[in-house]
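Novice: Please build the complex by placing chains E and L with the ligand on the supplied structure of chain B, with the hints as guidance.
Chains as they are written, first to last, in my numbering: chain B, 1 to 315; chain E, 1 to 436; chain L, 1 to 183.
No lab work stands behind these hints, which were simulated from the structure alone.
Anything over 12 angstroms on all C-beta distances counts as not near chain B; from chain L, calculated:
no., residue
1, 7
2, 25
3, 148
4, 168
With a straight-line Cα cutoff of 16 angstroms, these simulated EDC-like cross-link-like pairs (lysine to aspartate or glutamate) come out:
no., chain 1, residue 1, chain 2, residue 2
5, E, 141, E, 167
6, L, 6, L, 160
7, L, 20, L, 54
8, E, 256, E, 229
9, L, 20, L, 60
10, B, 120, E, 325
11, L, 163, L, 179
12, B, 68, L, 123
13, B, 120, E, 280
14, E, 29, E, 58
15, E, 256, E, 306
16, B, 68, B, 103
17, E, 18, E, 380
18, E, 324, B, 88
19, E, 324, B, 92
Where a beta carbon is used, it is the ideal one built from N, C-alpha and C, also for glycine.
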Amino acid sequence: MILKNKDVLGLEEISAEEILGVLEMASRFRAVFDRPVRSVPIMRGRTVVNFFHEPSTRTRISFELAEKRLSADIINFSSATSSFTKGETLRDTAENLAAMKIDMLIIRHNSAGAAQYLAKVLECSVINAGDGAHEHPTQGLLDIMTMRQRLGDLRGKKVTIIGDISHSRVARSNIWGLHKLGAEVTLCGPPTMVPGGLARLGVNIEYDLKKAVADADVLNVLRIQLERHSSASFPSNREYHRMYGITEDVVRTLKPEAFVMHPGPMNRDVEISSTVADGPRQVILDQVANGVAVRMALIYLLSGGDPGALSPAQE
Amino acid sequence: MEWSWQRIPSEFLVTGVKLCRRGKLGKRKGFLHVRKGRIEGLGVGIPKVEGVPALDGEGLICAPGFVDLHAHFREPGHEEKETIASGCKAAAKGGYTSVVTMPNTDPAIDNSGMIRYLIDRGREAGLCRIHPTGSVSPGLKGQGMTEFGDMVNAGAVGFTDDGMPVENGGLMSNALKYADVLGVPIITHAEDKSIVGKGCMHGGYWSARLGLVGMARAGEDVAVFRDVELARSSGAHLHVAHVSTKGAVEIIRRAKAEGLRITAEATPHHISLDHSRCRDYSPLFKMNPPLREADDVNAVAEGLADGTIDCLATDHAPHTDTEKEYQFDQAPFGVTGLETALGVGITYLVNTGIMDMGKLIQCMSETPARIFNLPAGRLEEGAEADFVLFDPERQWVVAKDDFQSLSHNSSFLGETLTGRVTATFLGGRLTWRDQD
Amino acid sequence: MKFAEKAVIMNASEMNRAIKRMAHEIIEANKGIDNLVLLGVQRRGVPLARMLGEAIKAVEGSEVPQGALDITFYRDDLSTLGPTPQVASTEMPFDVTGKIIILVDDVLYTGRTVRAALDVIMDWGRPEAIRLSVLVDRGHRELPIRPDFVGKNVPTSQREIIKVKVLEFDDKAEVVVGEVAAE
Ligand SMILES: [Zn+2]
Chain B
1 MILKNKDVLG
11 LEEISAEEIL
21 GVLEMASRFR
31 AVFDRPVRSV
41 PIMRGRTVVN
51 FFHEPSTRTR
61 ISFELAEKRL
71 SADIINFSSA
81 TSSFTKGETL
91 RDTAENLAAM
101 KIDMLIIRHN
111 SAGAAQYLAK
121 VLECSVINAG
131 DGAHEHPTQG
141 LLDIMTMRQR
151 LGDLRGKKVT
161 IIGDISHSRV
171 ARSNIWGLHK
181 LGAEVTLCGP
191 PTMVPGGLAR
201 LGVNIEYDLK
211 KAVADADVLN
221 VLRIQLERHS
231 SASFPSNREY
241 HRMYGITEDV
251 VRTLKPEAFV
261 MHPGPMNRDV
271 EISSTVADGP
281 RQVILDQVAN
291 GVAVRMALIY
301 LLSGGDPGAL
311 SPAQE
Chain E
1 MEWSWQRIPS
11 EFLVTGVKLC
21 RRGKLGKRKG
31 FLHVRKGRIE
41 GLGVGIPKVE
51 GVPALDGEGL
61 ICAPGFVDLH
71 AHFREPGHEE
81 KETIASGCKA
91 AAKGGYTSVV
101 TMPNTDPAID
111 NSGMIRYLID
121 RGREAGLCRI
131 HPTGSVSPGL
141 KGQGMTEFGD
151 MVNAGAVGFT
161 DDGMPVENGG
171 LMSNALKYAD
181 VLGVPIITHA
191 EDKSIVGKGC
201 MHGGYWSARL
211 GLVGMARAGE
221 DVAVFRDVEL
231 ARSSGAHLHV
241 AHVSTKGAVE
251 IIRRAKAEGL
261 RITAEATPHH
271 ISLDHSRCRD
281 YSPLFKMNPP
291 LREADDVNAV
301 AEGLADGTID
311 CLATDHAPHT
321 DTEKEYQFDQ
331 APFGVTGLET
341 ALGVGITYLV
351 NTGIMDMGKL
361 IQCMSETPAR
371 IFNLPAGRLE
381 EGAEADFVLF
391 DPERQWVVAK
401 DDFQSLSHNS
411 SFLGETLTGR
421 VTATFLGGRL
431 TWRDQD
Chain L
1 MKFAEKAVIM
11 NASEMNRAIK
21 RMAHEIIEAN
31 KGIDNLVLLG
41 VQRRGVPLAR
51 MLGEAIKAVE
61 GSEVPQGALD
71 ITFYRDDLST
81 LGPTPQVAST
91 EMPFDVTGKI
101 IILVDDVLYT
111 GRTVRAALDV
121 IMDWGRPEAI
131 RLSVLVDRGH
141 RELPIRPDFV
151 GKNVPTSQRE
161 IIKVKVLEFD
171 DKAEVVVGEV
181 AAE
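Just chain B, with the same shape it has in the complex:
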C-alpha cells in the first residue's frame, strides 16, 4: 500500500515515501486529462461525500472534478452554520454520515481538528480538505508536485512562504511536506502574522522580504485573508503590498530559475501584483491542474482497500 492510514488528515503524519507514492500516482492521472474522455471508471459505485462546512469554491470544485473523473457517486453536503453559531455537534454529523454508509468523506471545516475527530469516529476514509488554520494536505501535495515538476528532487531546495502564516493551513501543510522531502523552508510576513512558535518546527523566520527571497528557488505566496484583519494585524493593503507584495521589482531580484506559486484565489495587487500574477514566472495554473490529479490519486489510493498480494488471477 502506498498510504498506510485509512485517512489523509495532514502532511504531518504522512511519510516522505508516501508523499512520493501519491505524486507518482498523480502524474499518471494527469496523463488521463489529455485524452478525449477524461474520466476512468475505477470508482464506479463508490460514494464520496463532500462535506464543506466553510465556503470554498476552488477546493470543492477540484475535489468534485477528481471524483467525477474517477466515476464515483458524489454527494455534496454543506452546512449553513457560520462560525458564530455552533450548529450540530461533530458527533451528530458523524453519526449521520455513518448511517449513510458512505465510502469516503472529504471534509472542509473552519475548526482545526475537525477532520481528526471525524476520522477517529468514522469507519470510512476521510480526506481533510482544510481544517481551520491547521492543515490542508491536498494543497500541500499539489504545491509539492508543482515544485517537483520544475525542480526535481527538493533536497536542499529553498522554499519561501510569504503571507499570513498564523491563519494559514496551506503554510502548515507545506512546512511538514517540504521538510520531509528535504527542502529548506523560510517563513516571511509581518511579525503579527508569523507565529514565532513555528521556529521549533525547524523553519527559518525572516521578516524582511528582500532577505527572505534572495536565494529562494520557490516563492509560495499566500492569500491575505482581508476579512480576518480588520483589526490591526497590518495597517493597510497598500502598506502590505509595499512591504510584502510580490511585485515585478521583487521578482527581478530572484534567482533566474525561481518561480512564484499562489494557492488562489488571489488578491491582485495586495499579496501579488497583477503583472507577476499574469507573468512568466508564475505556475498558478499548473497548481490547479495538479490539484485535480493529486486529489484523484488520494481518493484512488485510499479506496484500494486490502493490502495483500496481487491475486493469482493473472492476465
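Specialist: Coordinates of chains E and L with the ligand only, in the frame set by chain B:
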C-alpha cells in the same frame, strides 16, 4: 461498642489515623473524638474515653474538610451541567466541606436575594457549606457596582466577575476599596481580553502548530499587574484566581514581599498539565486560563510550595458531554475538579517531592479558609467536626462513571491518580463514603 | 506467495514460432496491414506487441504503429488491488478512431482484463474493429470473450498459474506453468 456507617452516632471516635493539620502530617497514629457535631478532642495514641463507638481508620489520614475557593455550580440557569445539590455531592466525594461558588450563573448572582437562595439550596442539600460570591457588576456586564453591603449581610464572602474580567480599571479600583470596608476580597479573573482576543488555548508552539488561536501569557500578566497596583493604592485585599503563568507568580511574589494584601490560588490542572495536552484537539483540555508551558507549570507549583500562591482551588467548571463534543475552538472553557483535586495534588505535588503532604492539605483547607475568613478548615477542639479521611496510597483510574457531578469533563479521565477520599464528615455527619 | 514452477510449456524458439504464425494470421485476416495498429496491454502485452510488430514488418516490410494500454483505472476489482499498482502508463501515439486494433496480451484467462482494455480503448475514440491476440489461452472464461489469434491453447486447472517471461522483464523468453507453493 461497634457502630456502622449506616447509623453514625452523635458521639464517636476515629482511631488509628494520622492527623494532618497546621501544615504537618502527624508521624504517629492518633484519634479524633466527635461529639454533637463538634470536635471534642483529638491527639496521638489511644483516646482515654470509654464506651464511645470507634471507627478504625488504620492507614488513613484525617484532615480538616477541604475548602474550595473557586467552584461553578451552574444553578440557576444551567442545571443540566450542575445543581447546587449535585455540586455538593461532588464536593463531598472530593473531601470538601466548604465551597465558595462563583456568581456567573444565569441570571448572575448580583443581589442579596440570590445569595440567600444559594445558601438555602446548599442547606437543603446538606452536604457541604456553600459560601457564595457576588458579582462585581450587575449581570457581570462590567458597568457599575452591585450592592456589596447588602450581599455581605446575606452571606457573600467576596466579589468577582469571574469569567468576564473587569475590564474597566476604575471600576476594579472602586470595587477593591468598597469591598475592603466590608472585610471581603475582590477575586480577579486576570485576563486582558484585548490581548487574548479569540484565543482558545495558550499561545505558543502548540497553538502555532495546531492552527488554533493562542492566548498570550501577557494577557494574564498584564491583568494581574494592573490589579496588584490597584490593590496597592487602596491597600485592599485582592485575591488572584487561577494563576497560570510564571509572570503572574513573579508579580504576586514581589507584591507579597512588599507587604501587599494579595492572596492567590492555583488549580490542580495548572500545577500538573501543559499545553501539549491539546495536541489531539480534545476540549477536555480547554479551560481559561489555558494550560501553559512546562516552565509555567513548574513556576505555579513552586509558587504554591513556597507560599506565593496560598491555596489550591479547583475552578470546578462542569459542562455537558454534548458541549464538550464540539470542536476545540467551539467548545466552552472549563473542566471539573472537585473530585480529582486531592488525587492530582498527591500525584503531582507530594509524590514528586514538590511539597509535603502537610503543606498540600493546608493549601486545600486551613489556608483558603483563613484568607477568606471562612468558619472552616480547623481540625481542633471545639471546632465544627468538618473533616475528611483519605487513603494517601490508594491508586485509582479516573473514570466517567465514577463522578457525582452531573458532568464528567475532567482533564484526568483515564489517568491513574494516587490518593482518594474514603469518607467526608460535615458537622459530624457522614456526607460521603467511598463504596469500594 | 511463492510460485513453484512445474514445467516449461514454450521455450524461446517455440514462442518465436508462435508469434511469427500469429503475425501471418493477422496479415491474412486483415488482408494486409492498412489501418492496423498494435496495442499491448501493460506490462507483458507490450513486449509481445513489439515482437508481433517485428514479425509483421519482416513479412510486409513496413512498420505497424504500436501503443501501450494501462488498464489499472478500469479494473472491476478495486478492493482487491495489489499492494502497489504497477506504475505503467497508456501510450496512444495515434488516433484510434477508424483503426483496426490488435489488442495484444500474454495470457487469456477470465476475460476481465480484456473487458477493461476494451473500455480504455473506447474512451480514446471509436475504432473500426478490435481483435484480440494472446500468446496463451488457458481457458476458464468468466466473460463472453474469445481470442482471434492464439499462440497456444493450454488446458489448466484453476490452481495453476501461467507465467509468460519476456527478455525485457525476465532476462529470458519462455512460458512456464506452475502453482502457488505452500510456504
Ligand atoms: Zn475564572
